[in-house]
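Colleague: So the chains spell out like this:
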Amino acid sequence: MARMKFLCDAERCIECNACVTACKNEHEVPWGVNRRRVVTIQDGKPGERSISVACMHCSDAPCTAVCPVDCFYQTEQGVVLHSKDLCIGCGYCFYACPFGAPQYPQAGNYGSRGKMDKCTFCAGGPEEDMSSLEFQKYGRNRLAEGKLPICAEMCSTKALLAGDGDQVANIFRERIVARGFGSGAWGWGTAYSIKG
Amino acid sequence: MILTSGRLVEYEGGGDETRSNPWLAELQQDMFVEMNPFDANGKNIRNGDMVWVKTPEGAQIKVMAQVTERVAKGVAFLPFHFGGHLEGKDLRSKYPEGADPYVLGESANTAFTYGYDSVTLMQESKCSLCTIERV
Chain A
1 MARMKFLCDA ERCIECNACV TACKNEHEVP WGVNRRRVVT IQDGKPGERS ISVACMHCSD
61 APCTAVCPVD CFYQTEQGVV LHSKDLCIGC GYCFYACPFG APQYPQAGNY GSRGKMDKCT
121 FCAGGPEEDM SSLEFQKYGR NRLAEGKLPI CAEMCSTKAL LAGDGDQVAN IFRERIVARG
181 FGSGAWGWGT AYSIKG
Chain B
197 MILTSGRLVE YEGGGDETRS NPWLAELQQD MFVEMNPFDA NGKNIRNGDM VWVKTPEGAQ
257 IKVMAQVTER VAKGVAFLPF HFGGHLEGKD LRSKYPEGAD PYVLGESANT AFTYGYDSVT
317 LMQESKCSLC TIERV
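In order, the protein sequence lines correspond to chains A and B.
Numbering-wise (our numbering), the first sequence opens with residue 1 and increments by one.
Numbering-wise (our numbering), the second sequence opens with residue 197 and increments by one.
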């Protein structure tokens, strides 16, 4: 069984925000909620780098560890999903997440933020695959349709890779051999170092 | 200061269509002027402050300052995809109902020169003069 992972190659990302736009369009994500975003460091200076960040679907996910209602689960493919029916909007996962992935529809204190929303690796949620209820709560389930996440599919420079971790690592390894190490696979140590 | 203008990746042309797309409009919500930290410090301007960009013809536009080394000392850059504000005034109420884009801002054209190319009749949009002051 494939173990799904994201990889953003900071040597290739040109900060075009196509991943962000494609994600919002695919899942009809409302204004103010960003499942994916592009972060730029050294903006406007020599050495400027951009990385596209969303939920990394960690092996040992901190959000899962801190959730008081256990609304998170990991699929057989390693995708970290959650149930919006169980979520109480406490915000613990947001504080625990090293990537700032969890998003809330409203600003507010404990319990008044609404149901948490995050990147689903285009894999929907606990509802029946490709049902209208699933789309309404979690967006499109592209994995069930046999497709990979839209953000990586759309990426014009192929900076953002998504798919089976071994294949993604092989593609990245080939690039490293060809060009040298550069900025590295940002976030991989944090997301996947603990196990598999 | 030298004033120049150009594009943003999110918007196209005058920007009315792209500023009406919520996915794109959310990524660029404010009309801005890029200026070098050297010039900004001399005028006590911080990143995100509102400033007046004033031109020799007497026009002025109210935009947000983006302090960045992307532009050289003595150069200011305006993106030209915005419209709907005129010299500090929000004209949203003048749009037909439901036709107003999500994001409005000062038009770079307001601040640019009357100069144009006599052969192609294309307006000068890359080189003009301005001064910048804090609001």
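Heads up, a few of these hints could be off.
To be verified - Covered, in the sense of this in silico footprint (three residues per stretch, anywhere, with C-beta under 8 Å from a C-beta of chain B), are these stretches of chain A: (1) 22-32; (2) 37-45.
Stated by the list, open to error - The following residues of chain B were derived to be distant from chain A, with all beta-carbon distances above 10 Å: (3) E206; (4) K258; (5) R266; (6) G270; (7) Y310.
Claimed, not checked - Straight-line C-alpha distance at most 20 Å; calculated EDC-like pairs for lysine to aspartate or glutamate: (8) A:K45 x B:D212; (9) A:K45 x B:D235; (10) B:K322 x B:D245; (11) A:K45 x B:E213; (12) A:K84 x A:E15; (13) A:K45 x A:E26.
The set of hints was computed from the structure by calculation and includes no laboratory data.
In this text, a Cβ means the ideal position worked out from N, Cα and C, and glycines have one as well.
Colleague: Each hint should be assessed against the structure and marked as holding or not.
Modeller: Consistency of the hints with the structure:
Given a C-beta distance limit of less than 8 Å, the hint that chain B covers the segment 22-32 of chain A holds, as 4 residues qualify and 3 suffice. Evaluation of the coverage hint for the segment 37-45 of chain A: fulfilled, as 3 residues show C-beta separations to chain B shorter than 8 Å, against a requirement of three. A beta-carbon of chain A is positioned within 10 Å of the beta-carbon of E206 of chain B; the least distance is around 7 Å. Residue placement check: K258 of chain B keeps its beta carbon more than 10 Å from all beta carbons of chain A (closest about 23 Å).
Not every CB of chain A lies more than 10 Å from the CB of R266 of chain B, the least distance being 3 Å, so the non-interface label is violated. Distance check for G270 of chain B against chain A: the nearest CB is about 16 Å away, which clears 10 Å, and the non-interface claim stands. With a minimum CB-CB distance of about 31 Å to chain A, Y310 of chain B clears the 10 Å threshold, and the non-interface call stands. About 31 Å separates the Cα atoms of K45 of chain A and D212 of chain B, which puts this hinted pair outside 20 Å; it is violated.
Note on K45 of chain A and D235 of chain B: the hinted pairing holds, with a Cα-Cα distance of about 16 Å set against a maximum of 20 Å. With a CA separation close to 24 Å, the supplied pair K322 of chain B and D245 of chain B exceeds the 20 Å bound. A threshold of 20 Å between alpha carbons decides the hint, and for K45 of chain A with E213 of chain B the separation of about 31 Å lies outside it, so the pair is violated. A threshold of 20 Å between alpha carbons decides the hint, and for K84 of chain A with E15 of chain A the separation of about 31 Å lies outside it, so the pair is violated.
Our distance criterion of 20 Å between C-alpha atoms is broken by K45 of chain A and E26 of chain A, whose separation comes to about 33 Å.
Of the hints listed earlier, those the structure fails to meet are numbers 3, 5, 8, 10, 11, 12 and 13, in rising order.
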